[in-house]
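So the sequences go chain by chain: C and A.
All residue numbers for the first sequence refer to the working numbering, where the first residue is 1 and numbers rise by one.
All residue numbers for the second sequence refer to the working numbering, where the first residue is 1 and numbers rise by one.
Honestly, the hints are just simulated from the structure, not real lab data.
Check the hints yourself; a few may be wrong.
[What the hints assert, rightly or not] With a Cα cut of at most 25 Å, we get these calculated PhoX-like pairs of lysine-lysine:
hint	chain 1	residue 1	chain 2	residue 2
1	A	Lys153	C	Lys256
2	C	Lys256	A	Lys213
3	C	Lys237	A	Lys89
4	A	Lys155	C	Lys209
5	A	Lys168	A	Lys52
6	A	Lys133	A	Lys153
7	A	Lys256	A	Lys202
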Amino acid sequence: MKIVVCIKQVPDTTEVRLDPKTNNLIRDGVPSIINPDDKAGIEAALRLREANEGATVTVVSMGPPQADVALREALAMGADEAILISGREFGGADTLATGTTIAGALKKIGYDIIITGRQAIDGDTAQVGPQIAEQLGLPQVGYAEDIRIEGEYAIVKRQYDDCYHIIKVKMPCLITALSQLAEPRYMTVHGIADAYAKEIKVLGYEDLKDMYAEGTIGRTGSPTNVAESFTKQAKAKGTLLTGLTVDEAVQAIVDKLDERHLI
Amino acid sequence: MAKNVFVVVEQRNGAIQKVSLELIGEAKRLAPQFADDEKVVAILLGDKIADKASLLFEGGADEVLCVEDPMLGTYVTEPYTKTIVNIIKTYEPNVVLFGATTIGRDLAPRVAGRVGTGLTADCTGLSVDPETKLFRMTRPAFGGNIMATILIKEKRPQMATVRPGVMKMGEKCDASGKTATMVPSVLEPSDMNVEILEIIPKDTKSVDITEAKVLVSGGRAVGGPEGYNPLRELAAVLGGEVSSSRIGVDNGWIEKDRQVGQTGKTVRPQLYMACGISGAIQHLAGMENSDFIIAINKDATCPMMQLADLGVEGDIKKIIPKLTEAVTKLKESRVVDK
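Model the full structure from these sequences, guided by the hints.
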């Protein structure tokens, strides 16, 4: 059984701050990490490999050459193989073109079960997993909290807003992982040494171009355009009360609640 | 030519979800900006569901397209995708809106991929460009740090998922005499490509904080699971619910479905009380549209205190219990008055 995990290298958005003067994003010094949902996907894949003899874990990422750092980390966690999909022609892709690009590569790589993170913390779209499944014509199960394999089926605990479904799906299939799917293990010293001994295979445009219909990848394959981006404007100032005693503070709040008919 | 604003209605166990009525309300506001005769069309899928169309007409839909099939009773990706793609190909909508729920975010990318059009995720603002008539879809990205406005210039339909709780429902419309247009199902047994073995309801204690009129929300300063108890007591006397910033959820102090923010829920209650929440951008993204915001914090300079309509510098552990007491007293005094 070949388990393929799709991962994305993302800026750690919890570390991002706004410049209080210009209201611009401060990107300098923001560390790059494996997207948290994807990392849970790697861990889940490693556990499936441990529970299913003969299974292998291949980690795939689409991104610039420096995304190999994320792939090395996945190798250090214990993945068997790492592949980077990288090329200028793939750049500027929206979720549809990204899904098409990765799906084309996956056809070459081969798979029995594909795991992606539910969503990346920089884009927050949750679209690329389903887009890959659509391009490959595979059944998908999103928002997975638990995965196990029974013969040629995967049994998945799928989270909804108000309930869970236990879903039986025949492989090949695609599953999107929630962070709570599996707490990622730490890299071991041995694993890190191994990770640097292993080769990261790079698939570029020349390797993959036969997989794509004309105009389906990169910027030209992307129906959406970003018209503008902006940081939010602060709204009108409210009242700020400082240096009150506890009783004064309580009274000030009660008065306001009463005035607004909230009591 | 692509025409009309379509809303994919979400039903769970036959119950129409609030987000769908929010989207119909928003679609009604947008439709005339595209063209005078642009209509709001709701897509209603289910097993025996056509009688629910009246709710959608009352919400402002001009037309309801209904597909009934046992395979559509409970949401499954493929039967829903195939059915909606068929409707899109038949009716050629200009715009299709989905709720950005765990269902909508599973379904919409699949539909967009099959139709080969663009999809903007998790929108919080929608408008129409007055000149080009293009749909302007605005969404937070980068953990809520940036807002981006997305256009789909050539492909149709222009598709978006929209965050629940952001758009407002419209005024109630007269639904008398209106009935759904039935569309025949195109599904075959092989379209059910997964099997639902079991449906497990979530803890019945779980609440939908997006429905609450008052939220008393705790941050780092609550300090632990017990720290939410005084907040619960205050929420109870104010007729509200307790919610939390991400820290409380990450630390396991409180349930995930009470989290407000970019990775939690978007809320717009009448009152949001931020108790010891400093106001990371990710959190503000989920609550800044609340009608009235009161913040209590030891740090008067933190972002939440700047955002709040009323910011009170102080220690929540001292202020909240006394506040609960004061509110209770005021309420009791009013009962005696009557």
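Status of the hints after comparison with the structure:
Of the supplied pair hints, the one linking Lys153(A) and Lys256(C) is violated, its CA atoms being roughly 48 Å apart against a limit of 25 Å. Straight-line distance between C-alpha atoms of Lys256(C) and Lys213(A) comes to about 16 Å, which keeps the hinted pair within the 25 Å bound. Restraint check for Lys237(C) and Lys89(A): the C-alpha separation of about 49 Å exceeds 25 Å, so the hint is violated. With a C-alpha separation of about 23 Å, the suggested pair Lys155(A) and Lys209(C) falls inside the 25 Å cut-off, and the hint holds.
At most 25 Å may separate the alpha-carbon atoms for a hinted pair to count; Lys168(A) and Lys52(A) meet this at roughly 20 Å. Proximity of Lys133(A) to Lys153(A) is assessed by CA-CA distance (about 10 Å); at most 25 Å being required, the pair is judged to hold. Using a Cα cut-off of 25 Å, the hinted pair Lys256(A) and Lys202(A) holds, with the two alpha carbons roughly 12 Å apart.
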